[in-house]
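Please construct the entire structure, taking both the sequences and the accompanying hints into account.
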Amino acid sequence: MLSKITVSPAPHVSSKLSTRVVMGDVLIGLLPAVIAAGVFFRVRALAVIGVCVVSCVVSEWVCNRIRRRPTSIGDLSAVVTGVILAMSLPPAIPFSIAVIGSVFAIVIAKMAFGGLGSNIFNPAMAARAFLAASFGTLMTTWTVPSTVDALMPTISAANTSATTQATPLAWSKAVQKGQVEAHYINEQTSGAFWGKVGGCLGETSGLAFLIGGAYLLIRRTITWHIPAAVLLSAGVIALTAWLIKPEGFINPLLHLLGGGMLICAFFIATDPVTAPLTTKGMWIFGIGVGSLIMLIRIVGEYPEGVMYAVLIMNSLSPLIDRFCKLTPAGGTPHVK
Amino acid sequence: MSSQSLGKTFTAGLWDSNPVLRLLLGMCPTLAVTAAMKPALTMGLSVIFVLVCSNIVVSLMRNLLKPHLRILMFTLTIATFVTIADLYLKAFLPDMSAALGPYIPLIIVNCIIIGRAEACASKSGVLVSIVDALGMGAGFTLALCLLATIRELLATGKLFETPVMPSWFTPWAGMGMPVGAFVTLGLILALVSVITNKSKS
Amino acid sequence: MSNKIKFFFQESWLLMVSSVVFGLLLAITDAAWKPRIEQNTIDRFNRLAGGLLTEAERFESVAAEPLAIEIGGKEIPVDVKRGLDGSGQTAGWAFVCEGSGFADKIRLVVAVDAAFEKMAGFGVLFSNETPGFGDKINITPAAGGFYQPQFIGAPVGTLTLTKSGDAAVIDAEIVAISGATVSSQAVVTTLNAWMVPIKEKLKAEGLLK
Amino acid sequence: MATGRGKGTFPGGVHPAEGKAISESRAVEAVPPPKQVAILLSQHLGAPCQPLVAKRDKVQAGQMIGKSESFVSAPVHSPVNGTVKDIALQSHPVIGRVTAILIEADAEGNTPQTPVFNRFDHTFSPEPFAVETICGAVNDGGLVGMGGAGFPTRVKIEPNPAMIKEVLVINGCECEPFITCDYRLMIEGTWQVLAGIRLAAKAAGVEKIRIGIEDNKPLAIGAMTEAAATVKDIDIAVVPVKTKYPQGGERQLIRSVLGKTVPTGQIPPTIGVCVLNIATCAAIADAVVLSRPLTHRVTTVTGHAIAKPGNYYVAMGMSVADLLDHCGGLTAQVAKVLMGGPMMGFAIADLTTPLTKTSGAITVLTQDDVTKAKYEKQQTPCIRCGRCLTACPEGLNPTKIAHAVKFNRMDLAEQYYMSACIECGCCSFVCPANIELTGYIKTGKILVARAKKRMQA
Amino acid sequence: MILASAMEMIHNALPAAVLALGLATLFAVVLLIASIKLRVETDPKVEEVYNVLPHIDCGACGFAGCASYAKAVVANPELIGRCSPGGAETSVAIGRALNLQISGGGAPSRPIVHCRAHREDKLFHAAYDGIESCTSANAQPDVQACHFGCLGFGDCTRACKFDALHIVDGLSTVDYDKCTGCGACAKACPRNLIQMVPFTQDNMMTVACSSRESGKTTRTFCKVGCIGCGICAKQSDLFTVADNLAKMNYESYAPSEATQTAMDKCPTGVIVSRGQTAPADRQPGQKAAAATA
Amino acid sequence: MDTLHTLLLAFIGIVVVNNLVLTKFLGICPYLGVSGRIDMAFGMGCAVTFVVTLAGTLTWIIDHTFLIGTPLEVMRYLCFILVIAGAVQLVEMYLRKFFPSLYESFGIFLPLITTNCAILGLCLFLNLWEIKRLDEAVVLSAGAGIGFTLAICIMAGIRENMELADVPGPMRGAPITLITAGLLTLAFMGFAGMI
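Chains as they are written, first to last, in my numbering: chain A, 1 to 336; chain B, 1 to 201; chain C, 1 to 209; chain D, 1 to 457; chain E, 1 to 293; chain F, 1 to 195.
It is possible that some hints are incorrect.
[What the hints assert, rightly or not] Listed next, the stretches of chain B that the computed footprint assigns to chain F, with coverage defined by at least 3 CB atoms under 8 Å from CB atoms of chain F:
id, region
1, 77 to 88
2, 101 to 107
3, 177 to 190
[As the list claims (entries may be wrong)] Cβ pair distances, simulated, as ranges:
id, chain 1, residue 1, chain 2, residue 2, range
4, F, D2, C, A142, 39 to 47 Å
5, B, Q4, A, P70, 48 to 56 Å
6, F, L134, C, K105, 16 to 24 Å
7, F, R133, C, G157, 24 to 32 Å
8, F, L102, B, E161, 47 to 55 Å
9, A, L239, D, A451, 53 to 61 Å
10, A, I244, C, A204, 40 to 48 Å
11, C, G157, A, L232, 43 to 51 Å
12, F, L134, C, Q39, 32 to 40 Å
13, F, Y94, D, K453, 42 to 50 Å
14, C, A143, A, L239, 42 to 50 Å
15, C, A142, F, L134, 39 to 47 Å
Treat the hints as calculated values from the structure; they're not laboratory data.
Bear in mind the structure is a predicted one, so any value in this text is a computation, not a measurement.
Think of the CB as a built atom: it goes at the ideal place given N, C-alpha and C, for glycine as much as any other residue.
Right under this line is the structure:
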């Protein structure tokens with residue numbers, strides 16, 4: 001009865017939560033979006049997701065082997081990275097490039113820093129930024145969702161083809177230059193909600209992410225602060241711009257629904273590893289992400305700024321953490 | 001000085017105290033000019049030239065140096081030879097001069113050169129100083145070329161601007177950008193430390 | 001006092017001597033290579049401009065002093081050159097202009113036809129644009145670029161940049177390089193800013209009819 | 001200064017499975033005296049006692065056998081009539097091997113000592129007892145805080161002109177899972193507890209008494225409220241507080257009951273508060289009114305593998321093994337034997353370890369109780385989810401401190417207020433990565449203390 | 001003609017030479033004044049170290065220039081070897097400047113682990129499920145029956161910068177070839193088992209146990225612990241027994257036949273030799289004769 | 001107003017868009033060396049900002065008064081490096097003598113700066129970009145220093161975090177810092193086209 005007695009420091013019981021459960025919840029939260037991608041882009045989308053997940057998991061396993069560490073793929077974080085990376089790729093992406101991105105995400109952005117928990121940058125976003133830098137054309141070629149006819153003509157001169165089209169956000173740049181009238185783009189708002197616009201796998205349907213995000217919030221996998229901060233700050237900036245000059249800027253709702261805003265708010269910016277720890281820090285982080293996204297969309301060169309906004313704020317989150325240090329319940333002790 | 005120890009002085013710069021890979025000196029040009037082989041090689045050769053010349057001059061006047069003016073003398077010498085190298089490039093290799101831009105004059109503040117002047121030339125004879133300069137310079141050039149080969153190959157699929165990769169290869173433009181420079185050098189340095197640890201044990 | 005001066009010279013005579021020597025060395029080197037360096041610059045201009053204005057055999061400045069031209073509210077000296085064909089007729093005009101690009105200044109050689117109506121194209125003298133994106137403005141028509149040919153024959157006047165459109169149609173609409181709108185825009189903006197004032201200046205000076 | 005109302009709760013905290021159903025309905029039962037007891041000479045914070053008896057001496061039940069001249073200290077007494085067998089090292093559940101007096105109980109003349117709940121009722125008045133009498137009896141009775149830390153009670157309640165006490169907070173939370181000893185005391189010995197409270201209040205000279213009881217113990221709240229209503233001469237009230245661990249931590253309880261915060265690094269008396277535990281109050285009544293020193297206490301023996309779980313009135317110095325035998329032994333394979341509850345209790349492996357004044361419970365955990373991942377040590381890297389920050393009742397950043405300790409950066413750990421940690425274990429409890437955050441912080445504190453000691457030496 | 005062109009060249013070059021001369025003179029003056037007027041009194045040791053550094057202020061060492069590094073390295077000699085431009089020669093020079101000797105005269109100080117119980121010698125071991133560090137484990141009183149013996153989680157190993165300590169079969173074991181006597185291990189041991197001892201000889205005889213338990217209790221915990229029987233103390237004055245534990249007097253250490261007899265007669269074999277060429281420990285139960293052979 | 005606009009754009013441009021460290025690879029040595037602790041990094045940043053502003057302005061004035069358009073242009077590099085070295089020396093002396101506390105907080109970094117290529121690099125870029133106006137030169141110089149401070153402080157924050165991370169052995173130190181810097185340049189690409 002006492003043969004297998006153990007001693008250990010207190011506490012001797014723990015909650016049922018584990019990293020695997022947390023990551024599993026994130027995957028469940030991503031499920032609606034995966035289904036939506038499957039509906040809009042058919043087998044191709046699922047194939048891209050599959051390629052990304054498999055290559056992420058394999059890269060992680062190989063890294064573990066090289067370091068002679070117990071394998072860490074069981075915590076499912078590599079799967080999450082794979083899915084999020086796939087969600088941020090256009091459906092027509094060649095598989096080889098998806099593999100390069102996955103390897104970059106896991107090997108360079110994650111395992112080189114020491115694996116899960118040590119990475120400074122969101123692996124999926126770092127990989128996407130690298131792919132965008134390396135394969136610009138391929139990364140901005142959008143397939144028309146199979147559920148709709150081509151609504152908008154392509155704007156990429158180099159890739160004139162009937163099956164590609166621009167995303168609403170790409171058009172928003174044209175609106176700002178006065179080349180297209182805003183209302184034409186604003187008609188896409190409901191499309192962006194249901195998923196009838198072009199874009200990356202995870203950029204088409206806002207609804208899927210709202211469902212997934214609600215799931216995460218209910219499960220308390222994420223706290224509400226970062227999503228709220230991102231959406232609020234982005235919304236306020238978009239609304240201000242739109243109120244000042246309605247013909248020069250697209251509908252703020254479209255800004256919130258379009259592009260990677262929602263996946264960013266619920267799944268990417270909330271990545272606990274790369275976000276600040278404290279509530280105050282989360283607010284700063286979220287507002288930073290939201291504002292940078294809008295800054296890049298409105299002022300910058302790119303129609304979409306999610307990955308850069310996230311990466312920039314990731315790099316700042318150690319500093320944010322440092323300057324938002326918690327005060328103990330009894331106040332800071334007096335140093336004698 | 002026997003030829004054997006001269007040889008050792010030379011090879012030290014290639015690996016044991018390779019300025020880039022082991023001592024982490026002169027990182028700015030290493031990162032900046034290695035997007036392609038041609039500028040990397042030009043930079044390497046320029047550094048060898050400046051290093052050899054300044055080592056000779058410093059070695060010649062090593063006994064006349066006064067402590068507090070030592071660094072000033074080194075700087076003066078190096079700046080002179082860097083200017084000469086710059087003028088030469090402008091005159092005879094205008095394309096390279098344009099491509100390298102301010103990184104040639106920045107050789108002046110490259111720690112390798114002033115470091116060798118201090119650590120070797122101001123203490124040793126001319127012959128040793130020359131060999132040391134050649135070794136260090138060759139080490140620097142090799143490191144630059146290594147980095148440039150990888151980057152140019154992946155970024156453009158070419159080497160010395162001649163296509164070498166198969167046609168299905170999609171160039172990774174990112175490798176030609178700063179990110180490519182930093183990440184590739186980081187990985188190379190990690191590899192170097194793996195090799196060093198292996199050879200130690 | 002004299003002691004101090006003596007001490008000073010004791011300490012720093014080497015520095016003084018070598019600075020003089022180095023100064024001389026530099027000046028002599030410079031003197032020896034200067035013509036070549038200057039020739040290189042001219043050669044480069046001629047090569048670029050000549051590639052654009054194929055009929056022109058040589059280029060000569062329209063005036064001894066660069067023309068002072070008002071660009072963006074500032075007087076900027078521009079050395080406008082006339083391209084002369086074999087028979088000494090004006091084959092076109094060429095000049096260097098500059099603007100800010102994505103990462104750095106962009107310096108372009110621009111050539112226009114004899115009537116200053118249509119562009120003969122542009123060449124990049126200096127740029128430091130993002131490799132793989134912005135530096136596509138550097139790809140010459142001969143090397144298969146799609147951006148530069150759009151300017152050959154484009155009207156002198158206000159060009160506009162679009163993201164969509166047909167690059168094959170030569171008009172005032174320039175199609176941007178995908179993913180590198182800034183660099184594409186920089187070229188268009190620079191050309192817009194420089195071409196018309198120069199044309200007017202030339203007319204005002206009576207050099208152009 | 002220390003008056004005010006709390007909201008009945010505090011920020012942070014966790015909700016571990018309660019497990020109190022096992023023993024909460026079992027009345028306190030006296031345990032026959034064991035054949036041999038081992039009285040540890042360090043059962044409290046402060047200087048250890050020196051033995052007053054020698055080998056082969058005869059001792060009587062209640063006889064003082066160990067004492068220290070030091071101010072922060074409490075004497076120890078023999079719970080039985082018997083002979084001193086040896087004075088040797090014995091396992092202490094917390095601090096390792098300490099000197100103990102081993103007493104062999106006489107074969108005859110030892111009757112089980114029983115609780116004396118019936119000796120008190122609503123007619124009790126602290127009037128006849130002078131402050132000095134109370135303090136003297138508390139000191140001679142060897143009373144220490146019986147909730148866990150074991151701080152000598154006399155030092156706590158004695159009037160101190162430097163820190164005037166205004167409120168007496170009675171800790172009836174018993175927030176630790178599984179433990180029910182204080183709960184039973186409040187129900188069965190309501191009047192005795194109340195008598196102790198009033199005596200302590202008189203000694204401490206406070207104007208106000210607040211009894212904090214977690215709202216998952218309605219019977220105890222009812223009994224205590226009813227009893228408190230009979231007291232007219234002092235402001236006394238029962239405050240139901242939210243059921244949440246570590247509600248019974250004194251800093252948390254003060255926050256919940258009074259809405260006041262004890263400054264970091266300070267003790268409750270700095271804001272005029274004195275906190276006493278229920279069992280301690282009962283013992284005060286015993287010591288002052290009946291002159292019975294602290295030799296027995298109510299201990300909960302609980303866990304899913306105990307044949308007869310319950311609340312037992314046990315002689316201190318009885319070994320864990322003897323007590324478990326009395327409770328019918330174990331019915332299944334156990335993973336851990338804990339002195340105390342699962343959140344802050346100490347795991348012991350040597351079952352000859354004697355019970356001490358602070359042993360409120362013996363908890364045995366089966367593998368099912370110890371969550372699988374934790375037991376099998378599947379630690380994964382910190383994902384910085386921040387759950388430990390939310391759970392920390394002291395508003396600290398446990399993961400930063402733990403990592404600083406792990407990488408031997410004590411300066412960094414101190415920057416994140418390592419010393420303010422109360423070691424409640426909430427952070428380790430919630431950590432999805434199963435990191436022993438509390439363990440690291442404890443280690444860090446030990447290392448810092450050692451470094452300081454070395455600096456002084 | 002040639003002369004004329006050369007003259008012209010020199011004439012053209014003169015302004016440059018004059019400018020160079022002017023600049024150089026200016027800075028020579030500034031530096032000279034700086035070196036005379038603004039001399040700041042510094043620690044002579046720092047000065048000495050500074051003098052052997054390359055003075056190029058490259059920052060590769062992680063400090064703000066050579067002067068900062070010199071200051072830091074004097075305060076903390078562990079920082080030697082950070083100067084990459086100077087390389088190994090500079091490191092040696094710094095060491096010389098600091099006059100860094102591992103021990104300051106007399107016998108070198110070396111650690112001795114006062115426990116000799118390997119895993120199989122400890123008779124009771126609870127499964128420990130916590131942080132793998134001695135300090136953490138030591139906070140769990142019952143992690144092993146002997147509260148005085150080596151825990152084997154290697155706090156000392158991690159403290160050692162020279163790879164001179166290893167946990168062999170649950171016991172911290174010193175590699176005296178690598179040991180420099182820095183004493184870090186002694187500070188790291190939460191049970192204070194490691195003591196720095198002046199090694200007047202290559203091998204030192206010691207009582208490798210710290211248990212203050214009674215002999216009877218020790219026997220229930222450990223096969224090789226000191227039971228405080230006092231046989232050794234009867235043989236040689238170097239041994240004293242107090243608190244159930246024999247101790248070696250290292251101060252007046254002088255091995256003799258008597259000590260050897262004490263070693264041979266020790267019933268648990270807890271008297272052992274430690275040092276570079278020390279023989280292997282006697283196995284528990286092995287007869288004394290075997291050890292002397 | 002127009003001038004202000006130009007200056008503002010120039011400033012933002014050099015701080016974030018064309019950050020000297022992240023796009024021009026200048027000042028990498030201290031960027032790798034002194035980014036271990038935030039306070040050190042910040043001190044270094046302040047010192048660089050101060051010196052680069054001083055050096056940029058001085059060399060611009062010298063360049064435009066003495067060198068441009070004269071045969072002395074060949075002396076540019078020599079002149080620049082001596083001016084920088086001299087200025088740094090003088091400032092260091094001055095601080096040490098008159099503001100000891102300031103010297104302790106950032107003056108100790110000054111000697112490190114002479115060999116910081118960000119300083120000479122910026123001076124050369126001012127020449128290469130053909131900056132025509134003094135105010136623009138000053139703004140660009142100060143901006144370059146602030147950009148450096150920004151980059152090195154971010155890096156220091158990250159490195160302080162990485163100290164508590166399980167970075168693989170061979171990656172520790174320079175390699176991981178370089179990779180971090182690489183990812184940082186990726187992130188800063190987001191500012192592209194903002195000016």
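Verification of the hints:
Given a C-beta distance limit of less than 8 Å, the hint that chain F covers the region 77 to 88 of chain B holds, as 6 residues qualify and 3 suffice. Figure legend: the region 101 to 107 of chain B, annotated as covered by chain F; annotation consistent (4 residues with Cβ-Cβ distances under 8 Å, at least 3 required). Only residues whose C-beta sits within less than 8 Å of a C-beta in chain F count toward coverage, and the region 177 to 190 of chain B has 12 of them, enough to reach three; the restraint holds. One distance hint, 39 to 47 Å for the beta-carbon pair D2(F) and A142(C), holds here, with the actual separation near 40 Å.
Take Q4(B) and P70(A): their Cβ atoms lie about 49 Å apart, and the range 48 to 56 Å holds. With their beta carbons about 19 Å apart, L134(F) and K105(C) fall inside the hinted range of 16 to 24 Å. In this structure, R133(F) and G157(C) meet the distance hint of 24 to 32 Å, their C-beta atoms being roughly 30 Å apart. For L102(F) and E161(B), the Cβ-Cβ distance of about 52 Å falls inside the hinted range of 47 to 55 Å, so the restraint holds.
In this structure the hint that L239(A) and A451(D) lie 53 to 61 Å apart at CB holds, the actual value being about 56 Å. Checked against the given bound of 40 to 48 Å, the beta carbons of I244(A) and A204(C), roughly 41 Å apart, stay inside it. Distance hint for G157(C) and L232(A): a CB-CB separation of about 46 Å, consistent with the stated range 43 to 51 Å. Remark: the range hint 32 to 40 Å for L134(F) to Q39(C) is upheld by a beta-carbon distance near 33 Å.
Between Y94(F) and K453(D) the Cβ separation comes to about 46 Å, which falls inside the hinted range of 42 to 50 Å. Between A143(C) and L239(A) the beta carbon distance is about 47 Å. The supplied range of 42 to 50 Å therefore holds. A hinted range of 39 to 47 Å for the beta carbons of A142(C) and L134(F) is consistent with their spacing of about 43 Å.
Every hint from the earlier list agrees with this structure, and none is contradicted.
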